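Chemist: Protein sequences appear in the order of chains C and E.
-2 is the number of the first residue of the first sequence in the numbering used here; add one for each residue after it.
6 is the number of the first residue of the second sequence in the numbering used here; add one for each residue after it.
Think of the hints as simulated: they come from the structure by calculation, not from any bench.
These numbers come from a predicted model, not from an experiment.
The beta-carbon is built from N, C-alpha and C at its ideal position, and this holds for glycine as well.
Some hints could be false.
What the hints assert, rightly or not - Listed next, the in silico DMTMM-like pairs over lysine to aspartate or glutamate satisfying Cα-Cα at most 20 angstroms (straight line):
#1 K69(C) <-> D351(E)
#2 K132(C) <-> E427(E)
#3 K132(C) <-> D172(C)
#4 K132(C) <-> E74(E)
#5 K69(C) <-> D119(E)
#6 K396(E) <-> D351(E)
#7 K396(E) <-> E493(E)
#8 K396(E) <-> D119(E)
#9 K340(E) <-> E493(E)
#10 K165(C) <-> D82(C)
Unchecked claim - Derived Cβ-Cβ restraints for the label pairs, each shown as a range:
#11 R519(E) <-> Y188(C): 27 to 33 angstroms
#12 Y116(C) <-> V60(E): 36 to 42 angstroms
#13 D47(C) <-> P62(E): 43 to 49 angstroms
#14 G32(C) <-> K241(E): 47 to 53 angstroms
#15 D109(E) <-> L49(C): 28 to 34 angstroms
#16 S36(C) <-> S209(E): 48 to 54 angstroms
#17 D128(E) <-> Y188(C): 46 to 52 angstroms
What the hints assert, rightly or not - Listing some non-contacts, in silico: residues in chain C with all C-beta distances to chain E over 12 angstroms:
#18 A142
#19 A143
#20 S198
#21 L205
#22 A212
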Amino acid sequence: MIGARILALTALIAFGAWAEETPVDHAHHGQAMEGMRMSAAGMVMNENTDRLPRDCRQISRDVDITVRAGRKYAAARPGTMFAYDQPVWDSPACARVTVTLINDDQVRHQWMVHGLPRYLYPEGMFHLEVSGGGKESGTFIVPSAAKTYLVHCDVPQHAEKGMKGELKVAGGDGDLPSIPGVSAPLEPDRYRTRWDLATLSLGAAAGLAGALLSARLLRRR
Amino acid sequence: MIRRLLFLAIVLAAAFAAAPRRWLPSALAPAQDALLGASAYREPPASEPIDVRDVEPPCANEHPEWREEQVIEGVTIERSPVCEPDNPYFIAAVVKGTSNVSMDTLMRAGMAPDAVVKENDRDGDGDPDDVHIKLEVVELNGRSPDTLELLLQYPIAPGISPGFWVFAPKGFGMATRSLEDLRANPLYRVPSPVIRVEQGDTVSITLENTHYLPHTIHFHGVDHPYHFHLDPSDLKTRVGNDGVPETDEMAVMPGESHTYVFTPRQPGTKFYHCHVQPQAHLLMGLQGIFVVEEGRPNNWVETLNPGAGHVRHSSVAVREQYEREYDLHYMDLDKSLHELVQQANDPRLIARAINRTYNIAHRVASYFLLNGRSFPFTFRESLVVVKPDQKVKLRVLNGGLSLISLHPHGQALTETHLDGIEVPPAAQVTRDVVAIAAAQRVDLLLDTTNDGLHSYGDGVWLFHDHNEHAFTTDGVSPGGHISAIAYESYLDATGWPITHGIDWRPFFSPDYYRRKIPVWVTYDDMRMLGEAGSVTPSPRQVVARMLLAGLLLGMLGAAFVRPKRRRPRL
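Please model the entire structure based on the sequences and the hints provided.
Modeler: See below:
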């Protein structure tokens, strides 16, 4: 997750958003935040329905994304425990994206996107959060650049255990690491190895061939 | 023949030169000295310079304004003059209920609006009688698939970050302090929060299992029915209430929730913990103190006390008898259990490691915690701060496996309650070593009257387990759960105790607990007890020994390798 965070930060710097940001708002627990709606069912943070990114002349179109979150979506992927119903979402440049997060579990889940321009979104973040069984919608406007944004649930260990995805704007710029079903983790787990006869025989044959080859080459001298 | 004799002589001479002095007959030793000059005075190596690196400040003093007595949302919050006091907005939110405070207080507290819901003053005595608490399960110092850095960092001492699972108040937003600061947000810490309710309240506790393994809550010593009925007219639908997956209920699987409901009739200091594979889950941190306060009118209690410690808004009954109150939660850890969650990401691999690879029969305690920290971090937040002529209530839980022999310097403590049940006043014992076995609770009266029995007067009196193992962090002392009873006259403006002994800087360096810093370094200005340097070997001795080794190797070679006969050239 940190790797992904660092990646998101690097991307930010690369796009120059770092230089043009307003003073860093270390908005975290203990501080009130702007652009926030909160209820017992959930919350929306840094919602933006009308302020345009600097590189967009107008909103290109409205995109609706429905995301379902829950343990059942992880069942098909061994080694995970939580997931969104799909790991990748697409959006055209300068689109106004409305995300509806439906939580099929009985615990809190989030849909948090990182790496947005900080002059519009404090900490570069748009965030939806829904209590168990709930549903919440929120809207934000994406910039024009082709970029892949990290999306995850920041409830401890949810992203690590599979609730992670990517939002590709204008086709994106590649894949982030350890997106379930899309890309490999940077620090993969090690599993027990079980040898089958065919691989074992192939390996033995290759070894023998190598030995014969070197003996032959040396004898020629 | 001559060649062989010559060879033998060389071997013998080399052996003589190479042999350690103490192996030689006493008559021959001086001859070796003469040959090698070893008896000449060689100065032992000088002490090495010691570099105490990465020292963090003892007290970062992040929130001096949190120490003062203050009133937030109408809740009076007692002064707490330690380095790291609890967040007063959090206290206000849990005393009033997160459902009854302003958005601003809630944001500063970092809790979800439904984390602690308090409502319905059914008996009309001025305080709410229905309390609904929501707890999540959080992993600290956990594993990531993308980096070997730990997630939700929570060090217990400099450089030491074991993996933990804890119950935590229902939060919102980011789990770390910010995108760049990967420390766990203050809500997420060890131990699980103290839960405080009033006798006769209807208490509902919902476990929202946000973790990737199954869990439950068992309320140890808290009066609860084995089952309860969601619909009193339908006695067939039973909801498990004892938290034991083998008997009363299914465990709460990841993503699921379960609500426990009870109305405790008896007050006292109790215990709650996960009852799934307790030999691992309980010790991983899924355990907390549960206090049932005596019923009183207008009794708004501090429903959650994260990380235990100073109770800054005591119940009415406690305030009738005591000036201050502290929750003291002791634990001990086997580090090999706590490393397992840091070695894999796949829940199945973690489950296998914890349930089947780890064997508690081989357990050795390596870390000792008071309120989730080891020395010297205990001095930031878990000092028992007192003034003369006070009565202070200590609620102590031993959540570990080792027997605790709790000993305060300079005071004697009176055992008023055992496992939350009052000891008849005539039978109460005052002593200076209090024994507490696993899962036991002892309520102690600390009376700071300077009479030579209860107190010997002001000071920074060490407060520690007299089992000396608990003095150490993985065998390095001072560590473990050492704390102190600190009189206010001995605290500086940042709440740090004014001490008159050695410099504490090395204790704030991770190198100290990696055994890289000599212990006496800060005792000794002249550095006579520093790290002894190294010596270079004597070249003559090296030559003699290598020569002997070469000769012996050659002999071996000669025994096995036959020289090739050259074909005579024609």
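Chemist: Give a verdict on every hint.
Modeler: The hints, checked one at a time:
Proximity of K69(C) to D351(E) is assessed by CA-CA distance (about 16 angstroms); at most 20 angstroms being required, the pair is judged to hold. This hinted pair does not check out: K132(C) and E427(E) have alpha carbons roughly 49 angstroms apart, beyond 20 angstroms. Between the alpha carbons of K132(C) and D172(C) the distance comes to roughly 28 angstroms, so the proposed pair goes past 20 angstroms and is violated. For the suggested pair K132(C) and E74(E), the alpha carbons sit about 41 angstroms apart, so the restraint of at most 20 angstroms is broken.
With a C-alpha separation of about 25 angstroms, the suggested pairing of K69(C) with D119(E) is violated against the 20 angstroms cut-off. Distance check on the hinted pair: K396(E) and D351(E) sit about 51 angstroms apart at the alpha-carbon level, beyond 20 angstroms; violated. Between the alpha carbons of K396(E) and E493(E) the distance comes to roughly 14 angstroms, so the proposed pair stays at or under 20 angstroms and holds. Of the supplied pair hints, the one linking K396(E) and D119(E) is violated, its CA atoms being roughly 36 angstroms apart against a limit of 20 angstroms.
Of the supplied pair hints, the one linking K340(E) and E493(E) is violated, its CA atoms being roughly 35 angstroms apart against a limit of 20 angstroms. For the hint pairing K165(C) with D82(C), the CA-to-CA distance comes to about 16 angstroms; that is within 20 angstroms, so the pair holds. Against the hinted window of 27 to 33 angstroms, the Cβ-Cβ separation of R519(E) and Y188(C) comes to about 32 angstroms, which satisfies the hint. In this structure the hint that Y116(C) and V60(E) lie 36 to 42 angstroms apart at CB holds, the actual value being about 38 angstroms.
A hinted range of 43 to 49 angstroms for the beta carbons of D47(C) and P62(E) is consistent with their spacing of about 46 angstroms. Between G32(C) and K241(E), the C-beta spacing of about 50 angstroms keeps the proposed range 47 to 53 angstroms intact. Look at D109(E) against L49(C): about 30 angstroms separates their beta carbons, and that is inside 28 to 34 angstroms. For S36(C) paired with S209(E), a C-beta distance near 20 angstroms fails the hint of 48 to 54 angstroms.
Range check, D128(E) to Y188(C): Cβ separation about 59 angstroms, and the 46 to 52 angstroms hint is violated. Look at A142(C): its CB is around 20 angstroms from the nearest CB on chain E, clear of 12 angstroms, so calling it non-interface holds up. The claim that A143(C) lies off the interface holds: its Cβ sits roughly 23 angstroms from the closest Cβ of chain E, which is beyond the 12 angstroms cut-off. The non-interface label for S198(C) is consistent with chain E: the shortest C-beta to C-beta separation is roughly 30 angstroms, beyond 12 angstroms.
Residue placement check: L205(C) keeps its beta carbon more than 12 angstroms from all beta carbons of chain E (closest about 30 angstroms). Taking the minimum C-beta to C-beta distance to chain E, about 21 angstroms, the non-interface status of A212(C) holds against the 12 angstroms cut.
Taken one by one, the earlier hints fail for this structure at numbers 2, 3, 4, 5, 6, 8, 9, 16 and 17, listed in ascending order.
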